[in-house]
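Participant: Under the numbering used here, think of the first position of the sequence shown as 532, with each following residue one higher.
Since the hints were derived computationally from the structure, they do not count as laboratory data.
Watch out, some of these pointers could steer you wrong.
To be verified - In silico PhoX-like cross-links for lysine-lysine, where the CA-CA straight-line distance does not exceed 25 Å:
id : residue 1 : residue 2
1  : K541      : K712
2  : K564      : K629
3  : K712      : K776
4  : K682      : K732
5  : K776      : K603
6  : K682      : K712
7  : K541      : K603
8  : K732      : K629
9  : K732      : K667
10 : K629      : K667
11 : K603      : K712
Bear in mind that the values here come from a model prediction, so they are computed numbers and not experimental data.
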Amino acid sequence: MSRKPEHRPKLPPWIRVRVACGTGREEVAGILKRQRLNTVCQSAQCPNLNECWHKCTATFMILGNNCTRSCKFCAVDHCANPLPPEADEAERVAAAAKEMNLRHVVVTSVTRDDLPDGGAGHFAAVIRAVRAALPKAGIEVLTPDFQGDFKALATVIEACPDVFNHNLETVERLSGTIRSKADYRRSLGVLTEAHRLGGEKTPVKSGIMVGLGERDEEVERCICEMRENGVSILTLGQYLPPTAKHWPLDRYVEPERFAAWGDFARRQGFSFVASAPLVRSSYNAGELLESGRKEGGKWTFK
Numbered sequence: 532m533s534r535k536p537e538h539r540p541k542l543p544p545w546i547r548v549r550v551a552c553g554t555g556r557e558e559v560a561g562i563l564k565r566q567r568l569n570t571v572c573q574s575a576q577c578p579n580l581n582e583c584w585h586k587c588t589a590t591f592m593i594l595g596n597n598c599t600r601s602c603k604f605c606a607v608d609h610c611a612n613p614l615p616p617e618a619d620e621a622e623r624v625a626a627a628a629k630e631m632n633l634r635h636v637v638v639t640s641v642t643r644d645d646l647p648d649g650g651a652g653h654f655a656a657v658i659r660a661v662r663a664a665l666p667k668a669g670i671e672v673l674t675p676d677f678q679g680d681f682k683a684l685a686t687v688i689e690a691c692p693d694v695f696n697h698n699l700e701t702v703e704r705l706s707g708t709i710r711s712k713a714d715y716r717r718s719l720g721v722l723t724e725a726h727r728l729g730g731e732k733t734p735v736k737s738g739i740m741v742g743l744g745e746r747d748e749e750v751e752r753c754i755c756e757m758r759e760n761g762v763s764i765l766t767l768g769q770y771l772p773p774t775a776k777h778w779p780l781d782r783y784v785e786p787e788r789f790a791a792w793g794d795f796a797r798r799q800g801f802s803f804v805a806s807a808p809l810v811r812s813s814y815n816a817g818e819l820l821e822s823g824r825k826e827g828g829k830w831t832f833k
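Please model the complete structure; the sequences and the hints are all you need to start from.
Facilitator: Pasting the structure below:
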C-alpha cells in the first residue's frame, strides 16, 4: 500500500518547539561522545532532543545504530547485517548515566533479528550495569518484539527493570504495512507476557503515534486492547515524518483530541497516561518517579 497525499498539512503552532541551548546540551553531547554511545534522540530525530539534552537527560540506544528492520515511519538506518554488539557497551551506558546523575535511565535499542536472542541478553547486561552504578535510579527499557520469543523476553524481565515498554506504534489496520516484519497481535502477546512475568513489580508501558492514517475509533480500540493486555502506562503522540521519503503525514491532531484520548484511557484503568502532540515513549519518562512510587514491590500512582 502506498499513500501520496497531494500536499503535506501546514505545521500548526502547537507542534513548534523551542530550541534550547547552553551547558546542559553541551554536557550531554560531550558525555555521549566520550562513551561512544548512541541515543534514540539523535538516531530517530526526536523533536524533544533540545529540551531533554538541555535538562541533561537522554535515551540510550544500544546494540548499534543500524536496525534489521525498516519501518516506514522511522529515521533509524537499516542494515541487514549490523556489526556485532560491543561487549563493553553496558559499562559505558552505566558510566554515562552516572556522570549525568540520572534519576531515571531509559534504554532502547535497534531491532536485532540477526541475533539468536534478539539482543535480550545485552539488555539484561545493561540493566545490571546501570543498577550497580546507580542503585537508586529507575530503569526503563523499550524493547523490540524479539520476534515473539518469550524466552528472550523473560531474560529482560528477570533483570528487573522498573518499567518495561514495547510500543504498538500504530493501530492494527496499519501495523502490517507500516511496521517492517512486525505483527500487531504478536506485539500484544509480548505485552501480555511481560505483564505476566513482571507482575506488579514491573509495570508495562506501550504507546502509539497518530497522524498515520488511523481513524479515531481505531485509536480508542487500540487503547482498550493495550489495557486488556496488561499495559498500565500509555503514551500517545503526533507522528512527524522524518523525511519526505518516509510514510506521509495524514493529519495533525489537535491538543484537545489528545486530551480527550487521555481522559478516555484513564477511564479504562490506565495508571499513568501521557497524551499530547509532542509526547514520545521516553519523553519525560522520569515523571514516573514523581507520580509513582514503589510500596512493598508494587507500583502505586498518585
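Participant: Work down the list of hints and note, for each, if the structure agrees.
Facilitator: Structure-based check of each hint:
no.	hint	result
1	K541 with K712	violated (32 Å)
2	K564 with K629	holds (15 Å)
3	K712 with K776	holds (19 Å)
4	K682 with K732	holds (19 Å)
5	K776 with K603	holds (9 Å)
6	K682 with K712	holds (19 Å)
7	K541 with K603	holds (21 Å)
8	K732 with K629	holds (24 Å)
9	K732 with K667	holds (16 Å)
10	K629 with K667	holds (11 Å)
11	K603 with K712	holds (11 Å)
Hint 1 alone, counting from the list given before, is not met by this structure.
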